[in-house]
Structure formats: structure tokens, C-alpha cells
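Line by line, the protein sequences are chains A and B. Each residue of the first sequence is one higher than the one before, counting from 18 in the working numbering. Each residue of the second sequence is one higher than the one before, counting from 35 in the working numbering.
Hints in this document: simulated from the structure, not taken from any laboratory. Every residue, glycine too, gets a C-beta built ideally from N, C-alpha and C. Any given hint could turn out to be false.
Simulated coverage check for chain A against chain B, where a stretch passes if three residues somewhere in it have a Cβ under 8 Å from a Cβ of chain B [said to hold, decoys possible]:
#1 45 to 56
#2 176 to 183
#3 187 to 201
#4 206 to 220
Beta-carbon label-pair distances, calculated as ranges [claimed, not checked]:
#5 A:S243 with B:R107: 36 to 46 Å
#6 B:G114 with A:S243: 32 to 42 Å
#7 A:E126 with B:D120: 45 to 55 Å
#8 B:N68 with A:H95: 19 to 29 Å
#9 A:R84 with B:D150: 39 to 49 Å
#10 A:G146 with B:P163: 15 to 25 Å
#11 B:T91 with A:E126: 53 to 63 Å
A few chain A residues that don't get close to chain B, going by computed Cβ distances all over 10 Å [stated by the list, open to error]:
#12 T60
#13 A78
#14 D107
#15 A118
#16 G135
#17 R139
#18 G142
#19 H143
#20 V158
#21 R232
#22 A234
#23 S243
Residue-level listing of the chains:
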Amino acid sequence: MDVVAARGLVKSFALQPALRGVNLAVPSGELCGVVGADGAGKTTLLRCVAGLYRPDAGTVAPGRAGRADVGFCPQGFHLYPDLTVDENVDFFGAAYGLDVATRAARRDELLDFAGLVGHRARLAGHLSGGMQQKLTLVCSVLHRPSILLLDEPTTGVDPLSRRQFWRLIEELHVAGTTILLASSYFDEVERCEHVVFLHEGRVLSDGGVDELTERGASLEDAFRASLSGVGT
Amino acid sequence: MTSGLSKSFAGRAAVSDVTFEVNDGEVYGLIGPNGAGKTTLIRLLCGLYRPSAGAGTVLGLDIERERSLIRARVGYMSQGNGLYGDLTVAENLRFYADVYGVREESRLREVMSWLDLGDVAHHVVVDLPTGLRQRAALAAALVHRPQMVVLDEPTSGVDPLARDTMWELVRSIAAQGVTALVTTHVMPEAQRCDRLALLAESRLIAAGTPEDLVETSGLTIARVDATPWAEAFARLRARWPDAALYGTRVHVPLPQGEAQEREVRGVLAGLEVYSLSWQPPGIEDAFIALVDRAASHGTA
Chain A
18 MDVVAARGLV KSFALQPALR GVNLAVPSGE LCGVVGADGA GKTTLLRCVA
68 GLYRPDAGTV APGRAGRADV GFCPQGFHLY PDLTVDENVD FFGAAYGLDV
118 ATRAARRDEL LDFAGLVGHR ARLAGHLSGG MQQKLTLVCS VLHRPSILLL
168 DEPTTGVDPL SRRQFWRLIE ELHVAGTTIL LASSYFDEVE RCEHVVFLHE
218 GRVLSDGGVD ELTERGASLE DAFRASLSGV GT
Chain B
35 MTSGLSKSFA GRAAVSDVTF EVNDGEVYGL IGPNGAGKTT LIRLLCGLYR
85 PSAGAGTVLG LDIERERSLI RARVGYMSQG NGLYGDLTVA ENLRFYADVY
135 GVREESRLRE VMSWLDLGDV AHHVVVDLPT GLRQRAALAA ALVHRPQMVV
185 LDEPTSGVDP LARDTMWELV RSIAAQGVTA LVTTHVMPEA QRCDRLALLA
235 ESRLIAAGTP EDLVETSGLT IARVDATPWA EAFARLRARW PDAALYGTRV
285 HVPLPQGEAQ EREVRGVLAG LEVYSLSWQP PGIEDAFIAL VDRAASHGTA
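Extracted from the complex, chain B is given alone in its bound form (with noise of 0.2 Å):
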């Protein structure tokens, strides 16, 4: 979908050769540090800003020529989710079908209906808790049929319950057949995408399956339960620095290899190790590791 991608703000790179592919039907996430280049990537894509150099293109329009086409085909909820507080729902929905053009009232019931709005169709946007705003701002995304929607941290500020209904209906949109770009810096919810692009420092620094990410990451989790907890902390986290306390247990991320375990225990000598398990890392352990292993192989 992108080839060689770039783009500087006053000579400052936002976006630095980034290529990837997003397939039809998909939920592909976008995820990386804060000022990654995650948001500037998707206004690029959008045609909201121009590329300064390489190319793209979405749902076969290119980004750059045929901007307003794909404006026309493409749904995007921004951050700030875009909707007018002091409106009602229906009434910013009415707005968004204004701007896009459509003309059937049967369209707002029907988005109304499939993200389950119908209760506070008529209660002003700054009213409702924000999973049900963020819910409402992607139904503003969708009042024109696009056939791809641009989520920019949708579940941000979010809380639990509601970002599993946000999901659900990511997924539901995908299924029917309308591609799903979203970005997001909660890991457990990156887990939720069929494939990723990792950003970091303006570079696309890995790409694939989450479970792709993770091996890449070539990282292993020991689980450590000795006694004393805070001792054996101190030593682990002392030789690496990425060791955590979960509970009174030390997780410690280390690169998969034969002589680990000889080298945990060596670290602990002569505390009582009555535990050390080990676990395949989470995506969080994964990201931050291929973060880290970009940011030290510098812009090399």
C-alpha cells in the first residue's frame, strides 16, 4: 500500500521510508512510542497531508493525485474523536452525512442501530461516558459506507468493559469486508489485530502477526520466586535492567538461549530460588525490546 513513504515537518522526519501493505478485509494496527510517527502515517494515507517523498496508495487510489477520492471511500476518527459536544448524537451524525453527501435518513439508523446508539441518539455528546462517545464517533466514520476506516486511538481514555465492546465492533466492521487501520499504545489490544507495523522514530522497524512480533522479539520471560523477593530483585534487575516485580514474583525478559537458566540462578546464589518458570513474552515485552533494539542500532 506504501512504498518508501516519507515526510519531514521543517526538515524534522515525521514518517522516513515507510513501506508496508494492508490487505482488504483487515484489522491491521499501527502501534510505537508516542511521536513514532503513527498519526502523521495515517493523514499521510488520508490525504490530509502531502508525502515528501516516495508513494501510497488506498483502495488502489493513489495518495497524493486522488486525494479526494479517497476521502470519499475512507472514514477516519481522529483522536479527538471529531464530533460536536454540545450536539446530540444523531445530530453530529446527521452533520457527518451532510458533509459526505448522503442523502437517505434510513443510513443513520442503520449505523445507529449496528454500533446499538439507538438509546442515546438523542443525548448531547459531552453527556455520555466516553466509551459510548468514542462508539459514537465511529459511527460518524461509517455514515458514509466507506470501504476502510482510519481508527486513531479509538479506546483511548476508555475503561475496560467498553473497549472490549469498541473491539468487538472493529471486528464486526471487518467482517463485513471494510478494511480497519487503527492505532493504539495498549498492547493487550494490538493482540487484537490480525497484523501490525511496529514504529519507532519514524521508521517501521518490524511488521507481522502479533505472534510474528513477539518471535521476532527472540525473547523469553523467566519467572523467578525466591526469598528474600526484594533481594533477588535487586540483584536481577541490577544485571537487567528490564527485570519486573509482579506481586513478590521478578519477571525478567532475556534473549532465548541455552544457558539462561545456569545464568538466573547464577545471579541468585545463595537465596532460596523456589520457583523459575519460564513464559513466551507478551506483545508489550516484545514491542519494547525491538524499540530498544532499533534505538541502539541508531539511525544506522
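Bound-form chain A, shown alone (with noise of 0.2 Å):
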């Protein structure tokens, strides 16, 4: 079953289309990587799949309606710098309508999972890039979704702290979380099951990472393919 789907996805901001009619489907448990580059609509279509921006035209799912099941990991630094690591995931729970005992089980069970028990006095702001992402992780999966959003979410990042970073999408995707990940980088989106290539609001084309570089291209090479392909 699909539990992620767009169907013809029109999003506009003050007439400037950001998605052009995207179709998506995402079976259950699946790791779904979209690429593309800065203005493709990645960050819309992750946002209107959370429920957060309404349509102009064509269907998604969850959506508004099965928000309560989706974990939104954004892009950047959304937590509160001026709080401990501790607090910020009190207060993500409390959002979240944890009652007490709940959200102190999951603080401990998550932060002990991203590697961060022994920051949980520190400050937000000042914690390293790498573990402000694993700490935004958390945050976004206290409620237990069963499906992920992630919006670049290694972006800036070392390959060291990137590497933690992937650990962590690994055991929620083997755990069976369905995973919609954005990036802008191929070798990433490489590591996901079923990868979209998307451009300027249209999808141009996705599949299974064997099946996009039949020809033993690299998969930037069959990104660049399909961007010629429609003429751009």
C-alpha cells in the first residue's frame, strides 16, 4: 500500500509554480530519496505531504489529515538554542501531547539511539551541526511516526557525522518506517530504494537506482540525462 502519494501536485507561491503536477507513490516501509537541485520543489512537496501547505490542485497523502502519523524532519536549525538538549525534546513531546512518564521513556530510548546522552545538559546552539541534525531527528520522532520526512537533512555536515546521521535512517528503515528524504546530493539518495529525479516542479523521471543507471552511468550522469531529455 501506498501510504506517501501525490497525485497531479500543484503547489504555487504568488503565481510562481513550485510543483507542476507530481505523481509520487511510496509503498509502506519503503526509503524514497527525491533529488534535485535548489528550486526543483523538494522542500513543497515534503511540506505538502506533512499536511503543512494545501494544494492548489491534485491529491497527497497523508497530508492535513493523517498529520499525526508523519515525523517532519526539517532543513536547518529548528530547535531552540537557548534550551539543553533535554528540554528541547520535553518540549517537542509536550507539542506532541506525550503525557510526562511517555515522554520522559522516549527522551531516554531516542537520545541514548542518536549517540547524545552525554550532551543532554548542553545548550542546543551549541552543539556541533552534526548533532543539532540528530537532536532535530529526535524531535521529529518522539510521537513514533510511521512515516519520515526529511528535508536535506546532511547537508553541511562531515562525512563522519554523516555517516552517524545514515546509521540512524538505517535502523528506523529497517524498524519499518516509511522515509521520504530530500537532497541535493546523489551519493546519498544512491543509498534509498527508489530515488526521484525532480526539476523545476516536474518529476522527470524515478525508479529503482539500478533501473535509473542502466548503462552504468552514474546516477548524477542519468539525472543529467533526463534534464536533457525534456530540454532544459
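Reassemble the complex: the two chains are provided individually, in unrelated frames, and hints are given to aid placement.
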């Protein structure tokens, strides 16, 4: 069953189209990567899926109706820099309506999962970029969503932190979470089961990495080839 | 170019005993995790910091005694890119031209046309996409006809298509004989350098062409397709913590050796392995292996 789906999804901002009829289908438990340049529409697509934007046309799931089951890990740093790691997690837990006992239990479990236990009392604003990303992830999965949306989670993060972050993604994936990841790194989406090339609000092509790179080309070459196919 | 170069801040070593050499007209990459000392090393070379120990030359000039000459002959593009956001591209370039005492207006046009900035000359910098902003910053670093440019994370936050353009420009600069020293932590980009130095915890731990670094790592990657994949992944990860998922395929970085295939198959005993193939590691695999190795050898 496709738990994330878009059909003919259109979204514009002040008459500037961001998505021009996107179709997408992500079956339950899949790790799907969306790759494209700035302005391709990656963030808009994720926000529509998360129900943060209302589409102008077309349909999207889970969208607004299914928000409770979605974890959204936005691009950049969206935590409270002047609160500690623990306080941030607690704040987001409360926002999801978790009771005090559940909050404490999940906080301990997830900080351990993310390797942040030793940093609980530090201010979030004082963490390294890689740790901030991991904390953002922790805060976005406190309510145990079955769908996780990650918007360029490793941009600007060094290779060692990126490896650690990917270990967390893999664990969530193996545990059955459906994951939609937006990235501008080809070597990153290569790790997904299903890759979507997005360009100027349209899907250029999508499929498994092996399918997209049929002629032995790299994923980046395949992306370029589909770009020239649309004549831009 | 440098020999035993060191720099400490308040007793903490940021660069320790770094010795390396860059050839004229080369694109030379400095790679390493955050905090490895890349930016400090660059600033030492540009004469922005004084070394705590060791010595170095840039374009034959001593980094301690001839700092002002170095600054006149080296273009520096910092991570924050150093442009005035509320000025136009042309105004920024004019500002840099004034700072460096470049008088001819024609040089500004020349640099702008070289970097294909003509169309955005009168755009305010903050309004430009990151890729163009970085290109404008590169133009500013080139205004005074430097013999060498130092680029600190030139593609940070830049999208894949603009990254390509940036690297083509770096290549075209080098083709004109201008040496380019570039830091990056995006590994597929490091591959585009002629040679690389890998820094970790303030030390230089490996140097050479990208192929040399891959070779030095002594790694090979096993690509495993097995069913059920989650079980195969769990077992391989338990045995080799660096095992990673690619779709439902597992990549396992392993030291090169004869017995590896038997060992991989042993770990997967009882599962259906329908494909086991080998591929050379990427630069990122090599990078991680070399950094891990340096860390496990500690400070010895």
C-alpha cells in the first residue's frame, strides 16, 4: 500500500509554480529519495506531504488529515538554541501531547539511540552541526510516526557526522518506518530503494537506482541525461 | 610549501606539524572532518594567523615575514563568502578592486564575463541564489589577478548543478596557471582535485591523488544482495559496523584480502545470497577508513 502518494500535485507561491503536477507513490516501509537542484520543489513537496501546505490542485497523502502519523525533520536548525538538549526533547514531546512518563521514557530511549546521552545538559545552540541534526531527528520521531520526512538532513555536515546520521536512518528504515528523504547529494540518494529526480516542479524520472543507472552511468549522469531529455 | 607547520589557540593544537607541497597551477584539495584544522591551515598560509611553530612559503614568499606580499598575490574566498549582501555584484567587485588597488574598470568587466556574471552585475547579492553568490565571491577573489586562490568550502550549500559550474570555473582558473587550494567536506567533489591532503585532529594523515588515497585505504567494498535483506544487513552490521544499506543491497567496506568472500558468506549462512560482487571504494569510504585508523592510533 502506498502510504505517501501525490497525484497531479500543484502548488504555487504568488503565481510562481513550485510543483507543476507531481505524481509520487511510496509504499509502506520504503526508503525513497528525492533529488534535485535548488528550486526543484523538494521542500514544497515534503511540506505538502506533511500537510503544512494545502495543494492548489491534485491530491496528496497523508497531507493534513494524516499529520499525526508523520515526523517532519525540516532543513536547518529549528530547535531552541537557548534550551538544553533535554529541554528541547521535552518541549517537542509535550507538543505532541505525550504524557510526562512517556515523554521521559522516549527521551531516554531516543537520546541513547542518537548517541546524545552525554550531551543532555548542553544548550542545543552549542552542539556541533552534526549533533544538531541528530537532535532534530530525535525531536521529529518522539511520537513514533510511521512516516518520516527528512529535508536535506546532512547538508553542510562532514562525512563522519553524515555516516552517523545515516546509521540512524537505516535503523528507522529497518524497523519499518516509511522514509521520504530530500537531498541535493547524489551519493546520498543512491542509498535509497527508490529515487525520484525532481526538476523545476516536475518529476523527470523515478525508479530504483539500478533502473535509473541502467547503462552503467552514475546517478548524477542519469539525472543530467533526463534533464537534457526535457530540453532545459 | 610548508614544513612542520603548527598553530595552537590557548594551548589547544589546531594545526600540528603539517608538511605538504602544492605545485603551480594545481587544484589541491584539503579535506577532513569539521575541526580538523583546514580553515586554520588556510589562514596560516594567507598570513591571517602567525604560526606557533614550523615554517611555510606561499608562491616562494615566507608566510611570517612576507605576509603583506602574500595577501597581494593570493585571492581568498572565505566560507561566509565575504561579500556585502546589500550591494550589487558590480559594487562588491569595485570595492575589492579598490582594496587591492586595481584601477582599471576593464578588469571588473573581464572578471565578470569570465565568470559569466554579466547578467547579474546589477543584482543585489542577497537576492541571488547561493550558486551565483559563490561565483560572485570567486570573482571578488580574482579581481587583483592573484597567482593563487584559496577557496574555503566554495560549494557549501550550493545545489548540484551550480556545484558543477563552480568546479568547472575552478578548473578554468587552474588552466590559466592560477593555483587553487580548496577545502571541502563533500567527498565526490574532492575527487575533482589533482591532489588532496587529508587532515584529521590537526594532523595531516594522508596526501596524494584521489586514487592514491583510495589505494592507501587498502579497502574493497563487498556488495551483497541477499534475502531477507534486513536480516542480512543486521548480521553484516553486527560483524562490520561500517556496513551500509543501499536500497536493499548491503555495502561492506573490508580490508583487501583473500579470505573476505568466505567470511562474508559465513556471516550470511542460511540466507539466500543471490549476488556478491566487489567494487573499489569511493573517496568517502577511503576518507572514513583513514580517519578512523588515525583516531585508533591515537596521538602516538
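Going through the hints against the structure:
{"no.": "1", "hint": "45 to 56", "verdict": "holds (count 6)"}
{"no.": "2", "hint": "176 to 183", "verdict": "holds (count 5)"}
{"no.": "3", "hint": "187 to 201", "verdict": "holds (count 4)"}
{"no.": "4", "hint": "206 to 220", "verdict": "holds (count 5)"}
{"no.": "5", "hint": "A:S243 with B:R107: 36 to 46 Å", "verdict": "holds (44 Å)"}
{"no.": "6", "hint": "B:G114 with A:S243: 32 to 42 Å", "verdict": "holds (34 Å)"}
{"no.": "7", "hint": "A:E126 with B:D120: 45 to 55 Å", "verdict": "holds (47 Å)"}
{"no.": "8", "hint": "B:N68 with A:H95: 19 to 29 Å", "verdict": "holds (20 Å)"}
{"no.": "9", "hint": "A:R84 with B:D150: 39 to 49 Å", "verdict": "holds (44 Å)"}
{"no.": "10", "hint": "A:G146 with B:P163: 15 to 25 Å", "verdict": "holds (22 Å)"}
{"no.": "11", "hint": "B:T91 with A:E126: 53 to 63 Å", "verdict": "holds (55 Å)"}
{"no.": "12", "hint": "T60", "verdict": "holds (12 Å)"}
{"no.": "13", "hint": "A78", "verdict": "holds (23 Å)"}
{"no.": "14", "hint": "D107", "verdict": "holds (28 Å)"}
{"no.": "15", "hint": "A118", "verdict": "holds (30 Å)"}
{"no.": "16", "hint": "G135", "verdict": "holds (17 Å)"}
{"no.": "17", "hint": "R139", "verdict": "holds (16 Å)"}
{"no.": "18", "hint": "G142", "verdict": "holds (16 Å)"}
{"no.": "19", "hint": "H143", "verdict": "holds (14 Å)"}
{"no.": "20", "hint": "V158", "verdict": "holds (18 Å)"}
{"no.": "21", "hint": "R232", "verdict": "holds (17 Å)"}
{"no.": "22", "hint": "A234", "verdict": "holds (14 Å)"}
{"no.": "23", "hint": "S243", "verdict": "holds (13 Å)"}
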